[in-house]
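Chemist: This is what each chain is made of:
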Amino acid sequence: MTVTAVDPALFTSLDPPRLAGSRCAACGTVTFPAQAGCARCARQDMAAVELADRGTLWTWTVQAFEPKAPYRVPEGGFTPYGVGYVDLGEVIIEARILGDPAGFEIGLPMRLTLLPLWPGPDGSPVVTYAFQPAGEGV
Amino acid sequence: MSSTSDQVSIVGVGLHPFGRHDPALTGMAMGAQASRLALADAGVSWADIGYAVGGSNVSGKPDTLVSVLGLTGVPFVNVRNGCATAGVALATAANAIRAGETDLALAVGFDKHARGAFAASPADYGHADWYGETGLMITTQFFAMKDRRYLHAHGLNDRLLAQVAAKAFRCGELNPDAWRRKALSEDEIMRARVINPPLTQYMLCSPSEGAAAVVLARSDRAADLCERPVRLAAVAKRTRRFGSFEVFAPWLPPEAGQSPSVDAARAVFAAAGLAPSDVQVAQLQDTDAGAEIYHMAETGLCEDGAQQQLIEENETAPTGRLPVNTDGGCLANGEPVGASGLRQVIDIVLQLQGRAGARRWVSRTCTARPASARARS
Chain A
0 MTVTAVDPAL
10 FTSLDPPRLA
20 GSRCAACGTV
30 TFPAQAGCAR
40 CARQDMAAVE
50 LADRGTLWTW
60 TVQAFEPKAP
70 YRVPEGGFTP
80 YGVGYVDLGE
90 VIIEARILGD
100 PAGFEIGLPM
110 RLTLLPLWPG
120 PDGSPVVTYA
130 FQPAGEGV
Chain B
0 MSSTSDQVSI
10 VGVGLHPFGR
20 HDPALTGMAM
30 GAQASRLALA
40 DAGVSWADIG
50 YAVGGSNVSG
60 KPDTLVSVLG
70 LTGVPFVNVR
80 NGCATAGVAL
90 ATAANAIRAG
100 ETDLALAVGF
110 DKHARGAFAA
120 SPADYGHADW
130 YGETGLMITT
140 QFFAMKDRRY
150 LHAHGLNDRL
160 LAQVAAKAFR
170 CGELNPDAWR
180 RKALSEDEIM
190 RARVINPPLT
200 QYMLCSPSEG
210 AAAVVLARSD
220 RAADLCERPV
230 RLAAVAKRTR
240 RFGSFEVFAP
250 WLPPEAGQSP
260 SVDAARAVFA
270 AAGLAPSDVQ
280 VAQLQDTDAG
290 AEIYHMAETG
300 LCEDGAQQQL
310 IEENETAPTG
320 RLPVNTDGGC
330 LANGEPVGAS
340 GLRQVIDIVL
350 QLQGRAGARR
360 WVSRTCTARP
370 ASARARS
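Protein sequences appear in the order of chains A and B. Using numbering that gives the first Met the number 0, you'd call the opening residue of the first sequence number 0 and step up by one each time. Using numbering that gives the first Met the number 0, you'd call the opening residue of the second sequence number 0 and step up by one each time.
Same shape as in the complex, but just chain B (with noise of 0.2 Å):
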């Protein structure tokens, strides 16, 4: 293991909830907020920030920010990178802490849609026009494509997606801060208005507005600053590799390739000296149900199929062995592409730091080691 003067840990949080908000409220000025609740959280000012990286996908230039939050001549960062956007300014500001660039940064992510499914431009994305043209350049077919093709393969049945989506409801209704509060049957999930079968409109996340920070210390000042800082252990990003299956792929190859979420958890899971079975609490992307239950075994919290009976007995509610998603995810808070993945920080660190509220983890192991580090015993 690394030094603790070359780590670096999470020493204040700060979230503008996300949702649907008063149309002249900007995704900037939700970025500003969030900003601000993080360094209050942390108790240090914007004028002790050494270095900052900021995300949004459609609502500005985050580096702007400066402009309200003060004109300190801090180094700013603009990342722009789908819906891993937050989480490569978390990535970026930390590596900034590593090389020595600062004591303290600050990452957010903010980002404020229009209702309804995303529009994407095929030339953005190396397609010719035909491909939007003929209506299969679309987020959502995708989703389903793929959530069939694995649950065929792997033996499991669509209703795990009503389960999936009725768990993410129920930790909302328990999330002061989530968008959707109000629990779902998996009756009503699985019977609501079909948007691309298998997957019917509550078993898809929904582009919303909001956003989310962190502010970032070297872990040797961290506990100067936070009664309970979490380190962050590793972070690791990746791009597909020839045959995973992504979205808008007019083709794939006959030999299937795995996710870049395998290679990005193997890789994280080696720098931080841990293993899949170590994680007491996850957060999965869950752009829709069917990603979360791939995402458990992409990222090795379960082997592919497992999930039938770890979902269908409850283990991933916020009371079972391997809570996942304990805010409502995607499903419940919607998803302000350039805000999400930090959201998904802020809700294990309040987990770790015990300040979850009524969607507290409950632990069933030992909690004499430090949050970060804790093994199953």
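Just chain A, same shape as in the assembly (with noise of 0.2 Å):
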């Protein structure tokens, strides 16, 4: 099925699901998204870079009330959801989590997919990324 990245931004590609990110050319610091200068040297000389898509929990929480906007609300109404940092080894990402909370843990191996948010313009789901521990799902 089509679907549309909530940024095209975000990613290199959505199938396989890949990450795009940036890293710069003179102290090797990996960010997420892409951003023009370094956080770390400040020098302006990013290049493009695809993230792994593959990492383990670095932290987790579970967000249990519904947030107020711009959060958007899914269509059949808010339902609690995971969201943690996933260390990719050069980077470590905030993400969506899915599966049970009764089973992460730090250092829980994880893998990136793709997470339906809600129905685009032309009704093909857009979405966003997401880990879900590397065990679980197809």
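Keep in mind that a hint or two might mislead.
Negatives, chain B to chain A, calculated, CB over 10 Å [as the list claims (entries may be wrong)]: (1) Asp-5; (2) Gly-81; (3) Leu-183; (4) Ala-266; (5) Glu-302; (6) Gly-356.
One-sided and incomplete, this derived list gives chain B residues near chain A with beta-carbon spacing under 7 Å [as the list claims (entries may be wrong)]: (7) Ala-118; (8) Ala-127; (9) Trp-129; (10) Gly-131; (11) Thr-133; (12) Gly-134; (13) Ala-143; (14) Arg-148; (15) Pro-196; (16) Leu-251.
It should be emphasised that the hints constitute simulated quantities derived from the structure, not laboratory data. Here a beta-carbon is modelled for each residue, glycine too, at the ideal position from N, C-alpha and C.
Two chains, two separate frames, one set of hints: put the complex together.
Modeler: What follows is the structure, encoded as structure tokens:
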């Protein structure tokens, strides 16, 4: 099925899902999303880089209450969702975390996936990136 | 040390209690009341103030307070620096005295927030819309994730969060100005509604309403105005450095960096000529219970991981060796963002002046030396 990225700048590819970051040519710092300047050495020499699609859970929580806007409530209504940071080696990124929180623990192997958010103008799902425990799902 | 002519002392304090008030009572009206209370406490009038600084995040332009306090022509600077707003107001007013612009200054902060967690605009923080829309840009998530990481890294258990909150409400019970004045057991706190695990509703401070103000004087004039002036030994402020884990960060580098609280604490102790071991009563930002725990270490008051024993043995209670947030902190007072830092300062002033009532810190050391320069012996 065709899907649309919530922001095309986040991805190098949707099938399979891969994330777009940037790497500083001077000091090697990797950022996500891509940015124009380096947060570490302040130089303006960033190159596009595709991020690893596997990592480990660095910290996590559950969003148990419905956030105010600009959060967009899904069509079926709010349900609590997992949030965490995933350590990809070169960079640690914040992400929605899928799966049962009862199984979440720091260090858990994770892999990248897509999360449908809401229908786009043409009816196809708008998606964002998410991580799920590496042993779960398809 | 510098001479007393460029030192600054607090000679008056005023607090409009934090909490939930009449919907018609504006943040600015609370700011005016706190200002008048501080002026009265110092025994001076608004016309005596030669420089004023005001802070508010959401409740209007503080300098318009001149229309109700009096159109004296006083220079009045507005500051808006998030949770640091009131601290920056204090620093700016103190610097005006040090720079010789005035002998007497007022710093005030106020805010009146809507109920519930703050909603932030991604654009205001340099992020694209997806970050807010997909539900990643929520302050309480960050508090929970930073706490979990810190507790994990230093071998502390989640129950410590409940112990910090229980201490906050015990202090609130003793503080007639506190918003939450009912003591809660650790079990009640642990079993309360989960907001963002490991945090339950009582482990997070709520946005609230209130105002706080202080009158500052050149230290060589302070004794004329105040029986027990409290010298402001130093103020330092910092922003984050590379690798620090702070709010609204879509990514972090794998190399950890130290928090701005570490940098600011080192700078302020160096400027004051004091060490963390000299501190006998402290206020630490406790936006959530975990923040109080890691700020204890980030300010140098204890080693990372040492909090478990200090907190379990009640050493951070008013009767302990290192009392922290004796007025109940943000947890028992809520946070009107623009006022909160001055509430913290006022609690310390009242403690050092012996005016803190039932929550009074119990000194275990000789008190022959001036309050602001006591060293633990």
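Chemist: Determine for every hint whether it applies to the structure shown.
Modeler: Going down the list of hints, with the structure as the test:
1. Asp-5: About 35 Å separates Asp-5(B) from the closest Cβ of chain A, which puts it past 10 Å; holds.
2. Gly-81: Check passes; 18 Å lies beyond 10 Å.
3. Leu-183: The claim stands: Leu-183(B) keeps its Cβ more than 10 Å from every Cβ of chain A (closest is about 19 Å).
4. Ala-266: holds (22 Å)
5. Glu-302: holds (22 Å)
6. Gly-356: It holds; Gly-356(B) is separated from chain A by about 36 Å at its closest Cβ, greater than 10 Å.
7. Ala-118: Constraint on Ala-118(B) satisfied, holds at 4 Å.
8. Ala-127: Where the cut-off is 7 Å and the nearest Cβ of chain A is about 6 Å from Ala-127(B), the hint holds.
9. Trp-129: Result: holds, 4 Å to nearest chain A Cβ.
10. Gly-131: Where the cut-off is 7 Å and the nearest Cβ of chain A is about 4 Å from Gly-131(B), the hint holds.
11. Thr-133: Check passed: Cβ of Thr-133(B) comes within 5 Å of chain A, closer than 7 Å.
12. Gly-134: holds (5 Å)
13. Ala-143: holds (4 Å)
14. Arg-148: holds (4 Å)
15. Pro-196: holds (5 Å)
16. Leu-251: holds (4 Å)
Checked against the numbered hints above, the structure violates none of them.
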